[in-house]
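Take these sequences, add in the hints, and give me the full structure.
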Amino acid sequence: MSGGSNMFMYSLSIVQPSAVTQAILGSFSGKKQQEIVVAQGSRLCLLRPDASQGKVHEVLTHDVFGIIRSMAAFRLAGSSKDYIIIGTDSGRITILEYQPNLNKFNRLHLETFGKSGSRRVIPGQYLACDPKGRACLIASIEKNKLVYVLNRNAQAELTISSPLEAHRPHCLVFSLVALDVGYENPLFAALEVDYGESDQDPTGQAYEEIEKMLVYYELDLGLNHVVRKWSDPVDRTANMLFQVPGGADGPSGVLVCAEDCIYYRHVGQAAWRVPIPRRKGATEDPNRKRVIVAGVMHKMRGAFFFLLQSEDGDLFKVTLDYEDQGVQRIRIKYFDTVPIATSLCILKSGFLFVASETGNRHFYQFEKLGDDDEETEFNSDDFSSDPLDSYQPIYFIPRPPENLSLVEAIPSMNPLVDCKVVNLTDEDAPQIYTVCGAGGRSTFRILKHGLETTEIVASELPGVPTAVWTTKLTNEDEYDAYIILSFTNGTLVLSIGETVEEVTDTGFLSSAPTLAVQQLGDDGLLQVHPKGIRHIHHDKRVNEWPAPQHRTIVAATTNSRQVAVALSSGEIVYFEMDSDGQLAEYEEKKEMTGTVTCLSLGDVPEGRLRSSFLAVGCDDSTVRILSLEPDSTLESKSVQALTSAPSALQIMSMPDSASETSKSSTLYLHIGLYSGVYLRTVLDTVTGELTDTRTRFLGPKPVKISQVVAQGQPSVLALSSRPWLGYTDHRGQYMLTPLTYAPLEWGWTFSSEQCPEGMVGIQGQNLRIFTIEKLTDNLQQEMIPLTYTPRKFSKHPLFPIFYTIEADANTLSPETKKILWDKTNPNQEMQLHDPQEFGYPRVDGHWASCISVVDPLAKEVLQKIEMTENEAACSIAIAPFTSQDDQHFLCIGTSKNLTFTPRSHDGGFIHVYSFSEDGRSLEFIHKTKTDEPPLALLPFQGRLLAGAGKTLRIYDLGMKQLLRKAQAEVAPNLIMGLQTQGSRIIVSDIQESITYCVYKHADNKIIPFADDTIPRWTTATTMLDYETVAGGDKFGNLWITRCPKKASEESDEDPAGGHLLHERAYLQGTPNRLELMCHFYTQDIPTSIQKAQLVAGGRETIVWSGLQGTVGLMVPFVSREDVDFFRDLEGHMRNEDPPLAGRDHLAYRSYYVPVKGIVDGDLCERFSLLSRDKKQMIAGELDRSVREVERKIADMRSRVAY
Amino acid sequence: MADKLRATQQLEQLQARYVGTGHADTTKFEWTSNLHRDTYSSYIGHPPLLEYMALGTGTPMAKLKTALIEKMIQPVGKPPERED
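Residue numbers (the numbering used here), protein chains in the order written: chain A, 687 to 1888; chain B, 35 to 118.
Where hints are given, some of them may not hold.
As the list claims (entries may be wrong) - Here are the simulated lysine-lysine pairs, DSS-like style, with alpha carbons at most 27 Å apart:
#	chain 1	residue 1	chain 2	residue 2
1	B	K105	A	K801
2	A	K1636	A	K1691
3	A	K790	B	K112
4	A	K790	A	K1481
5	B	K62	A	K915
6	B	K97	A	K1003
7	B	K105	A	K1019
8	A	K966	B	K112
9	A	K801	A	K1106
10	A	K1034	A	K985
11	A	K818	A	K718
12	A	K741	A	K1003
13	A	K966	A	K1003
14	A	K975	A	K741
15	B	K112	B	K97
16	A	K1582	B	K97
17	A	K1503	B	K97
18	A	K1019	A	K1054
19	A	K1720	B	K38
20	A	K1691	A	K1720
21	A	K718	A	K1106
22	B	K112	A	K1636
23	A	K1842	A	K1878
24	B	K62	A	K717
25	A	K975	B	K105
26	A	K975	B	K97
27	A	K1777	A	K1732
28	A	K1720	B	K97
These are computed hints drawn from the structure, not numbers from a lab.
Remember, it's a predicted structure, so these values are computed and weren't measured experimentally.
Here it is, written out as structure tokens:
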């Protein structure tokens, strides 16, 4: 037993983190096409840009269970494939290759060099690769640098040497790049500061005189030794280096970016400097200096240029004029403005990938390269290269993009600041509402479970059709030729071509409804109608089989060689195509016990003459499998009893990760019931037995099922009150996801030249044709733009309206902007750049902040209230006040003149607003000053609870201001959050975890009675029950703590609290300590945590959101058996699928505190990606079959989430 | 005596390899400087933490990272006067 804990959770992520630490470009598949590898949290993700469509496809995501800090791509000389080196927190260097045929990353080398963890002197923070792929340098922030020589052996395999040290104590590295020196000895350049002397000098003079050095490290390939070749002081403010092409392509050397200036430096060459142009405008501070935050160098046809990005997001094109003697000048000019990036990648196909620091990642196409435009170009001739010389700053005016055009915005919720799960649309499953983004690119997002669909056609029909089919004309046809619509009294045939038109000479019977349509044999067509079967030959000859007298056909199923129909009398008639292409009736009819509701044959397997099974659904709630083999035709093979009568059946084969042979598919029987339940069972190809039934409730309407193709794989379209798609996802698991589309009554596959993988459906009187573009994203995001960086949000308790508080530090408020504007442009309307593209004008010490009223259903911001006098909103609560007849008021906590490091402020305020128009509008009532900014507000027993600094106060609403009713000092540092149930208040401190307090009404006292043993820098908490709190901290941990039963009971015993007040403090804290129940390291910082139910009929789970855009779950285990099973499985997975980057999984999940009571579901779900042997081995150890293990894993997810 | 010598040598080796390993005469200045330098490098080495601070202060991550390394040069002010 794990320390007596009896709480066990299963951790799952439903949205991956989307914050990009770094993006690198290369030909990782070894083909000509360039691909992008991005590090997103602990995930390594391969993106494949599609130049023809202007889209970026996610090909592979791999969780490495470690912190990816740096990446580099390199290519051995003469090779066409790029390898990936990653620097993580594992204390090891990892070299990966991408295997396109298996779609996975394969680890080639893993070399240990130090302790694990993100440490100051353990390399991993910086990584640079020689452009010729001969060596790489991996460095830490301080002291350590290791050089690995990369080579290949006789078998053309990549080899890595033992490390060569280039350590230097007391040396801090700011930036590190490899120089391009052609085939001379590899050179690396670092920006360094040596603090050794300043640490010894009490006068502080050495500190003042510290110089920042540009240092060259040379790897002598002959001597196998690294030397510090050259060092030279550069600008003290330098922060970034860029490689300048060398060898045959350029002058070599580096660009040194510093505050306000860019220098060119190289050993033995003259230095050059050019300032970074500053923005010009009424609201811009002319003295504000910019730094370069990102950049990219691009080589093309003998020329090269740089795109460097300033902290405003402005891109500057930097070019160098050079001759044989070296560089002559630097030229710089404004290019365009894009979101601030962590990495920029220029593709050879003419695209720019911007891995934005916040918000959506952007994919741009180059329209031109800014070669001949009006933009002023500045060059280094006018500026001295000495950093100490003064110079005239240069300016430019930002303008809308001219050189770049946005082709795709890849959704990203990073940074996700707050999240709520609520059902506002009365759908069967709730939606996830989030506020995310920063600055002008902030958004309010609505996440709905579903696959994105693209509608191609929606047209109204003359009547209401009951069914629709498409068919080819011959077996060889690639695309469908006809759309056949069945109405209650007839059939309509449309031809698919340039236009869709009605055709009449097809041989189809138009006077009766249709039950099935099939392209039969080589070139025949088949129509089943209630009175018979029509076989239409290619020469329009028709063979008709009439139904027996007084009987009609009620159900039919067909494939290219077989037909089975069910008659109203309960008989089944079976036909098979004979050798001359005629349908031959099998002489015996099979009598079923009840009325047949549905039939399915399934496709003829490749290389076979017939499908061996017929599935028959009867109204006595059974499905029977009949054999179609010649020696046992129509003999019953197996029966499955159901909970309701089946409404649809479909036999089809689908890829299956648990199948006996790897990479093959399994035959499934999909069953839809009248009750709205969908079942999928495995149909044994030999015995016809039905095994491994999985059930899912789709909606209250009878389920219809059809076979479709999505993204090249066979899928199931299941229609109930919503359309659903069953497909195999990238983890190899079968997923059932609703489509974000209108409810359909009938669906069928559709394929034409314009739309090879479409679906056609009927919705009321409309015919709709649509496709599914992506199977990787099963949550759809909708966005509402916000004004500033959101901080928190709250929902009105009665109405579907959200209130967000937004604040941006060091940003001008509209008030100040207006003043500045009027100074330079009196009597003119203020016209400023769109903050979504250009950001806000920034000045230190200023705050811009507002409250927005958001209507998530109409997707608009209804009202915006800007804060004035340098106040910034920091907390929000909607509180009913008993003194005002329980009327709700919106309370906003603000801080005034807040600055950080060191923290200072001029107090805070609590603003009170009343609601009008059903919460759609706010009216200011009054504001109350507090000595510290109230960072936490909470409605409490008809009053307002506010945490300001260390004190907790209870306020009541007065006429002129809030009235203080009670207060107590309960937190050691700063109250960050509050939770309550009954009289209990949970106070979270910025640094010292949580404290349980009780409010004694009789005494009007707040008394802390239990606190924690570990300092947790709490960011989010929620009460799971009266004793238990789940929370997250700033270092990326999730934890659950519980108050001892005795302490909890004692706190509520005494109504006056005299006993509690006088209880002896224990170790300078409260009298009682909390017990830790669960602990788990997530890497991402939890920003919200709550109990919620995510799917219809699912259980409640803990839903948490992380800053980097993660949405995760903690699912409580139901039975002890499951706990043991999953802990065993996790243990086996740790051994059989060790993390890619070499971090030990157990150590990673125990980063700060040993993991407790939580099983990592993300690791367990990797089971389906293992090789067949490993699966079998693990399943054997667990005493189960592979299929059972996969089913258990899939159930864990599908029971509670998607 | 040989044991003691070996122990000292081992300690010296540790101190050389792992910056910040303490010894009997570690001063408060050395200790706190170390602590702060470790802290700042940890902020940089954990991307979510860096982003958290960048978001709060409204600074780009690259700029904040430079500022944090800059702080590592002299994190707790000037060293005290040596008493000898």
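Hint check results:
Only pairs whose Cα atoms come within 27 Å are accepted, and B:K105 paired with A:K801 is accepted, the gap being roughly 25 Å. Annotation: proposed proximity of A:K1636 to A:K1691 holds, straight-line Cα distance about 16 Å (limit 27 Å). Proximity of A:K790 to B:K112 is assessed by CA-CA distance (about 52 Å); at most 27 Å being required, the pair is judged violated. Between A:K790 and A:K1481 the CA atoms are separated by roughly 43 Å; this puts the pair beyond 27 Å, and the hint is violated.
Note on B:K62 and A:K915: the hinted pairing is violated, with a Cα-Cα distance of about 37 Å set against a maximum of 27 Å. Distance hint between B:K97 and A:K1003 is fulfilled; the C-alpha atoms sit about 20 Å from each other, no more than 27 Å. Proposed proximity of B:K105 and A:K1019 is contradicted: the alpha carbons are some 32 Å apart, above 27 Å. For the hint linking A:K966 to B:K112, the alpha-carbon distance of about 40 Å lies beyond 27 Å, and the restraint is violated.
For the given pair, A:K801 sits about 39 Å from A:K1106 by alpha-carbon distance, which is inconsistent with the 27 Å threshold. Among the hinted pairs, A:K1034 with A:K985 is consistent with the structure: their alpha-carbon atoms are about 9 Å apart, no more than 27 Å. The suggested pairing of A:K818 with A:K718 holds, with an alpha-carbon distance near 18 Å, which does not exceed 27 Å. Among the hinted pairs, A:K741 with A:K1003 is consistent with the structure: their alpha-carbon atoms are about 25 Å apart, no more than 27 Å.
About 18 Å separates the Cα atoms of A:K966 and A:K1003, which keeps this hinted pair within 27 Å; it holds. For the proposed pair A:K975 and A:K741, the alpha carbon gap of about 36 Å is over 27 Å, so the pair is violated. A hinted pair counts as satisfied when its Cα atoms are at most 27 Å apart, and B:K112 with B:K97 qualifies at roughly 24 Å. With a CA separation close to 25 Å, the supplied pair A:K1582 and B:K97 stays within the 27 Å bound.
Distance hint between A:K1503 and B:K97 is fulfilled; the C-alpha atoms sit about 25 Å from each other, no more than 27 Å. This hinted pair checks out: A:K1019 and A:K1054 have alpha carbons roughly 14 Å apart, not beyond 27 Å. With a C-alpha separation of about 43 Å, the suggested pairing of A:K1720 with B:K38 is violated against the 27 Å cut-off. Distance hint between A:K1691 and A:K1720 is unfulfilled; the C-alpha atoms sit about 31 Å from each other, more than 27 Å.
Distance hint between A:K718 and A:K1106 is unfulfilled; the C-alpha atoms sit about 45 Å from each other, more than 27 Å. With a CA separation close to 32 Å, the supplied pair B:K112 and A:K1636 exceeds the 27 Å bound. Between A:K1842 and A:K1878, the direct Cα distance comes to roughly 22 Å. Compliance with the 27 Å bound is thereby established for this hinted pair. In summary, the hint linking B:K62 to A:K717 is not supported, as the alpha carbons are separated by about 58 Å, beyond the 27 Å threshold.
Distance restraint check for A:K975 and B:K105: the Cα-Cα separation of roughly 19 Å lies within the 27 Å cut-off, and the hinted pair is therefore satisfied. Only pairs whose Cα atoms come within 27 Å are accepted, and A:K975 paired with B:K97 is accepted, the gap being roughly 12 Å. Taking the CA atoms of A:K1777 and A:K1732, the gap is near 25 Å; set against the 27 Å cutoff, the hint holds. This hinted pair checks out: A:K1720 and B:K97 have alpha carbons roughly 21 Å apart, not beyond 27 Å.
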